[in-house]
Amino acid sequence: MTASGAGPTLVLVLAVAVLVGCGVILLLERSLTRILLGVIMLGNGVNLLILLGGRSGGAPIVGTGPVERMSDPLPQAMVLTSIVITFGFTAFLLAVAYRSWYLSGDDEVPDDLEDRQIIRRAGRNEAGAVDFGGEGPNGDPEQVDPEPARRRLRRGDDA
Amino acid sequence: MLVLLILHLVAALAAPLFVSWWGPRACYPLALAPAAAFCWAAARTPAVADGGAVVETYPWIRQLGLDIAFRLTTLSWLMTLLIGGVGALVLVYSARYFSAGSIGLAQFAAVLVAFAGAMLVLVFADDLLLLYVGWELTTIFSYLLIGHSTERRSSRWAAAQALTVTTLGGLAMLVGFIMLGEHAGTYRWSEISAQPLPGGGYLVGAVLLILAGALSKSAVLPFSSWLPVAMAAPTPVSAYLHAAAMVKAGVYLVGLLAPVLATVGPWRPVVQVAGVATMLLGGWAALRQTDLKLLLAYGTVSQLGLLVAVTGSGTPDAALAGTAMLLAHALFKAALFLVVGIIDHGAGTRDLRELSGLRHWSRPLFVVAVLAAASMAGVPPLVGFVAKEAVFGAFTDQPVLLTGLVAGTVLTVAYSARFLWGAFADRPGVEPVPPGSIAASLLVPPAVLAGFGLLAGPAASVLDDLLRPYADLLGGVDAHLALWAGPTPALGLSVLALVGGGLLFAVRGPLAPVLARLRSPVGGNPGYEWVVGRFDRLAIEVTSATQRGSLPQYLGIILVTLVLVPGAAMLSASPWRARIPLWDSPLQPVVVVVITVAAVLAVGARRRLTAMLLVGMTGYGTAMLFVLHGAPDLALTQFLVETSTIAVFVLVLRRLPERFSARPLRRTRWVRRVIGVAAGVVAAGLALTAVGARRAPDISAAFPDLAVAHGYGRNVVNVTLVDIRAWDTMGELAVLVVAATGVASLIFERSRTGPRPRRPGSDQRAGGPGRPVWLRGGATLYEERRSIVLEVVIRLIFHTVVLFSLFLLFSGHNAPGGGFAGGLVAGLALVVRYLAGGRYELTEAAPIGAGAILGAGLAVAVGSGVVALLVGGSVLESAKVDRTLPLIGDAHLVTSLFFDIGVYLVVIGLVLDILRSLGAEVDRHIEATGTATGGLTVDKGERA
Numbered sequence: 000m001t002a003s004g005a006g007p008t009l010v011l012v013l014a015v016a017v018l019v020g021c022g023v024i025l026l027l028e029r030s031l032t033r034i035l036l037g038v039i040m041l042g043n044g045v046n047l048l049i050l051l052g053g054r055s056g057g058a059p060i061v062g063t064g065p066v067e068r069m070s071d072p073l074p075q076a077m078v079l080t081s082i083v084i085t086f087g088f089t090a091f092l093l094a095v096a097y098r099s100w101y102l103s104g105d106d107e108v109p110d111d112l113e114d115r116q117i118i119r120r121a122g123r124n125e126a127g128a129v130d131f132g133g134e135g136p137n138g139d140p141e142q143v144d145p146e147p148a149r150r151r152l153r154r155g156d157d158a
Numbered sequence: 000m001l002v003l004l005i006l007h008l009v010a011a012l013a014a015p016l017f018v019s020w021w022g023p024r025a026c027y028p029l030a031l032a033p034a035a036a037f038c039w040a041a042a043r044t045p046a047v048a049d050g051g052a053v054v055e056t057y058p059w060i061r062q063l064g065l066d067i068a069f070r071l072t073t074l075s076w077l078m079t080l081l082i083g084g085v086g087a088l089v090l091v092y093s094a095r096y097f098s099a100g101s102i103g104l105a106q107f108a109a110v111l112v113a114f115a116g117a118m119l120v121l122v123f124a125d126d127l128l129l130l131y132v133g134w135e136l137t138t139i140f141s142y143l144l145i146g147h148s149t150e151r152r153s154s155r156w157a158a159a160q161a162l163t164v165t166t167l168g169g170l171a172m173l174v175g176f177i178m179l180g181e182h183a184g185t186y187r188w189s190e191i192s193a194q195p196l197p198g199g200g201y202l203v204g205a206v207l208l209i210l211a212g213a214l215s216k217s218a219v220l221p222f223s224s225w226l227p228v229a230m231a232a233p234t235p236v237s238a239y240l241h242a243a244a245m246v247k248a249g250v251y252l253v254g255l256l257a258p259v260l261a262t263v264g265p266w267r268p269v270v271q272v273a274g275v276a277t278m279l280l281g282g283w284a285a286l287r288q289t290d291l292k293l294l295l296a297y298g299t300v301s302q303l304g305l306l307v308a309v310t311g312s313g314t315p316d317a318a319l320a321g322t323a324m325l326l327a328h329a330l331f332k333a334a335l336f337l338v339v340g341i342i343d344h345g346a347g348t349r350d351l352r353e354l355s356g357l358r359h360w361s362r363p364l365f366v367v368a369v370l371a372a373a374s375m376a377g378v379p380p381l382v383g384f385v386a387k388e389a390v391f392g393a394f395t396d397q398p399v400l401l402t403g404l405v406a407g408t409v410l411t412v413a414y415s416a417r418f419l420w421g422a423f424a425d426r427p428g429v430e431p432v433p434p435g436s437i438a439a440s441l442l443v444p445p446a447v448l449a450g451f452g453l454l455a456g457p458a459a460s461v462l463d464d465l466l467r468p469y470a471d472l473l474g475g476v477d478a479h480l481a482l483w484a485g486p487t488p489a490l491g492l493s494v495l496a497l498v499g500g501g502l503l504f505a506v507r508g509p510l511a512p513v514l515a516r517l518r519s520p521v522g523g524n525p526g527y528e529w530v531v532g533r534f535d536r537l538a539i540e541v542t543s544a545t546q547r548g549s550l551p552q553y554l555g556i557i558l559v560t561l562v563l564v565p566g567a568a569m570l571s572a573s574p575w576r577a578r579i580p581l582w583d584s585p586l587q588p589v590v591v592v593v594i595t596v597a598a599v600l601a602v603g604a605r606r607r608l609t610a611m612l613l614v615g616m617t618g619y620g621t622a623m624l625f626v627l628h629g630a631p632d633l634a635l636t637q638f639l640v641e642t643s644t645i646a647v648f649v650l651v652l653r654r655l656p657e658r659f660s661a662r663p664l665r666r667t668r669w670v671r672r673v674i675g676v677a678a679g680v681v682a683a684g685l686a687l688t689a690v691g692a693r694r695a696p697d698i699s700a701a702f703p704d705l706a707v708a709h710g711y712g713r714n715v716v717n718v719t720l721v722d723i724r725a726w727d728t729m730g731e732l733a734v735l736v737v738a739a740t741g742v743a744s745l746i747f748e749r750s751r752t753g754p755r756p757r758r759p760g761s762d763q764r765a766g767g768p769g770r771p772v773w774l775r776g777g778a779t780l781y782e783e784r785r786s787i788v789l790e791v792v793i794r795l796i797f798h799t800v801v802l803f804s805l806f807l808l809f810s811g812h813n814a815p816g817g818g819f820a821g822g823l824v825a826g827l828a829l830v831v832r833y834l835a836g837g838r839y840e841l842t843e844a845a846p847i848g849a850g851a852i853l854g855a856g857l858a859v860a861v862g863s864g865v866v867a868l869l870v871g872g873s874v875l876e877s878a879k880v881d882r883t884l885p886l887i888g889d890a891h892l893v894t895s896l897f898f899d900i901g902v903y904l905v906v907i908g909l910v911l912d913i914l915r916s917l918g919a920e921v922d923r924h925i926e927a928t929g930t931a932t933g934g935l936t937v938d939k940g941e942r943a
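Going down the list, the protein sequences come from chains A and B. Numbering-wise (numbering that gives the first Met the number 0), the first sequence opens with residue 0 and increments by one. Numbering-wise (numbering that gives the first Met the number 0), the second sequence opens with residue 0 and increments by one.
Just so you know, these hints were derived from the structure itself, not from any lab. A few of these clues could be false.
Said to hold, decoys possible - Distance windows between CB atoms, simulated: (1) A:G122 / B:E748: 36 to 44 Å; (2) B:R606 / A:G122: 37 to 45 Å; (3) A:G122 / B:V530: 53 to 61 Å; (4) B:H924 / A:G122: 39 to 47 Å; (5) A:G122 / B:R516: 39 to 47 Å; (6) B:H891 / A:P65: 19 to 27 Å; (7) B:L586 / A:G64: 13 to 21 Å.
For glycine and all other residues, C-beta sits at the position ideal for the given N, C-alpha and C.
Based on the provided sequences and hints, a complete structural model is requested.
Shown next, in the form of structure tokens:
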């Protein structure tokens, strides 16, 4: 391991910080395009971070230089995978953004409707399910509703 | 025994077919399955009667030490007879009970047979875990049977309540089983019971948990509320599950464990107090019912309480009395339920206030009902009397308990009389049911059950011999089952109970106001609803507190956690390195400055295109840093991906508004910035500390040697991808295929495999005679959009680029390149073809579906792994093939190349799918709507 490859240099650490920081700021936006750009920047920053976990050096190709001076191949393989997956993810999010625009006219992420409903319910102190068994006739809790008798069924059919 | 279970399974699976052929009559052949269980058990009587056991074992899950271990002893023999016999009779009954057009009949028949099989598993099992499996299977099938009328709310509710209560109990029981099993080192009850028990609180905990399961299954207080509600099931189900079989599972378990566990501290108090309380309150509730079925339901609750109290007592006499009671109850209660079903069928109601003249309607039915009800009341010479005598005889030394039991029996006698009176009395003012006849297959099953009850009474000595081996497990048995045991105290108590019950029934008129006022809490439906309602409210509160529905908020919480937890850990551990070099090469700071400026500008950019280009700059900058770090493969891939990303982005941005919408969320802007800066600082800290925190040697130190020796390649990164860590790559390929499919499914409104866009009139030369055609699709574009220079250049370099991509693919094993880079280059070639010639040109360039390429790529990658397996290696192992080819000379081929070809194809497929979706299909949308609203209105001109 050479002195130069012993660890991350300050400027690389700075690059990581800038990419992650700016990526996070964009990620917290509501426009899907911005979120996506944030994901890309964050991805680059994290890729760089992973790469810094291994030593730098020559290209990890056997025969081009001494093995000891080679950069660490493992984080590189991981990052390579990550780059391509980020590409697939980018395409997917772009498709989502397009779909959102196609359906609603913009690409902003609205609040989840069902969650909002639940919050309103909680505010009103309501229960979620209204599907209770209910008490039987005359408010007698023993009189649960058993299988309907035949005549009741027939009457129901006539109605 | 396994054969019996398989028979039930086959019958259950064949049931829908039978029902579609024969309608309700299909129940007749299906009844053969439980009937076979009955006959089998009857044939095993000699083996069991002398105290022996029938044992069968098959290996199942070795890792868990779980075998299919069956063991038939007296108790399980009795249960098998009941399950098989009553099951067969109930199925025969069902054949006429349901009309031809009944909805859900196929499901009913299948589930009922399957339920019988599950019950057999439960009673056959020697292994406690297997018993649990059967236990929960019966719970699930009972859920389906109770919820038979899916369209009725009360039916669904009842099914859910039964499921919730019994499953909760079952889970508690499972924990208890595990505590017992782990201590004993085996789950076979026959082995656990032979070992010394653990002591102290451990055993007490296990026993209480198991009892929770048994009591909930048998609807004993405090879990009894589900059984009356479960009467929403069809009557045959009530007769089988809620009288003879499923609710007896809890009694069976209590009876199975009592010989060993009854001496454990809380066992006897719990089963006796809960049992007698259930008996009294259930009996009282039964007196109040006007619906005959509910009357029987509360009567069942009451009798189950009695059964649990008696079988759980763990004395030899009580054990003998409990098993006799178990048999008697199944016989009379199932018969009575079936009678109620017949009444319901004939009279159209089960309300005892509306029934009149049923005595004359059908004499045989009346006789059957009287026999069964008399057995329930304990009238000699029926089996119910024999059993009740034995119960009283077993507890003569426990006056308090005995008093409770006698009081409960008084109630039993009273509601038995009430049942008969309610069903068959003549009521003034109520129109009597006209006399009629009842189908034989409806009447025979209850008649058989009641007849057995009549026969078993005088044959008590036979019964005594058959059931004695179980009681012998607990020690010497003094008592005998007998119709006439002389003038014992038990006889006196029986007479007392009969007289008391008769009196209680006689004063029903004056007692009515008291009955109406005094409600027993057995119908604990409100209690159950209260608990469920509380849980529901809690869930709402928790959900509303944690799930606010705002994406930035969720992400913010996650990121703040990232900042706080690892950040705090970093600060406290502070593994800082002493010396940090500023830079490796002078180029590094230059690149970083460019990245920083571009990133900061991108955050503030108001136009989408600007922001995207700035982000692209940071990407290219990162690629430069990769180069400087010594990672040529990464840099190559990053450059290609960044270029492709920009191309794809532009395809979408032409439709989106030019500028980002004005954000109303200015208040939170600073919050976002603070979180961003903090996350950046923590990431930087991680970068600094990660290397310093390393303790173990690099795993990758061996990679170069491994790559050459086993992967036969010199590019270590590529060999890592296709050989050393090939499984990771395999997973990634799957992700890419999913992403591509997701993109297509979001954009295409119709099938993507439909006819691809074809240039109109593609059979003739579009450019006209004599003019050279560079790109055939170019003619489909509007003149304003065409660029002849671009077309010429693309025409000239396209094939070269594709060749270059192949070169990257093949050389990737020893030099920078590989499947990813090669695929991206080929994909870029397609991108430029599309940009220059439009969507028809894309079809010309790649006249094949993206899905086919993706599928082929995945198949090649998987196939190369499987082939290695087939030739004797491990999955995805590489091999090297050296051949001397004529004219070319020595060539060697590493099999992992095929894996890389799969990668190559998947990447091309991904790019092609994106172009087809976000390119060609969006083009079609634009043409269809006629406008291209958005910032990048590149297509505006073409509408001239």
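Now for the hints, and whether the structure bears them out:
In this structure the hint that A:G122 and B:E748 lie 36 to 44 Å apart at CB holds, the actual value being about 39 Å. Checked against the hint of 37 to 45 Å, the C-beta distance between B:R606 and A:G122 comes to roughly 40 Å, which is consistent with it. In this structure the supplied range 53 to 61 Å is violated for A:G122 paired with B:V530, their Cβ-Cβ distance being about 23 Å. Between B:H924 and A:G122 the beta carbons are some 41 Å apart, a value that agrees with the proposed interval 39 to 47 Å.
In this structure the supplied range 39 to 47 Å holds for A:G122 paired with B:R516, their Cβ-Cβ distance being about 41 Å. Distance hint check: the CB atoms of B:H891 and A:P65 are about 25 Å apart, consistent with the given range 19 to 27 Å. For the hinted restraint 13 to 21 Å between B:L586 and A:G64, the CB-CB distance of approximately 19 Å keeps it satisfied.
Consistency with the previously given hints fails for number 3 only.
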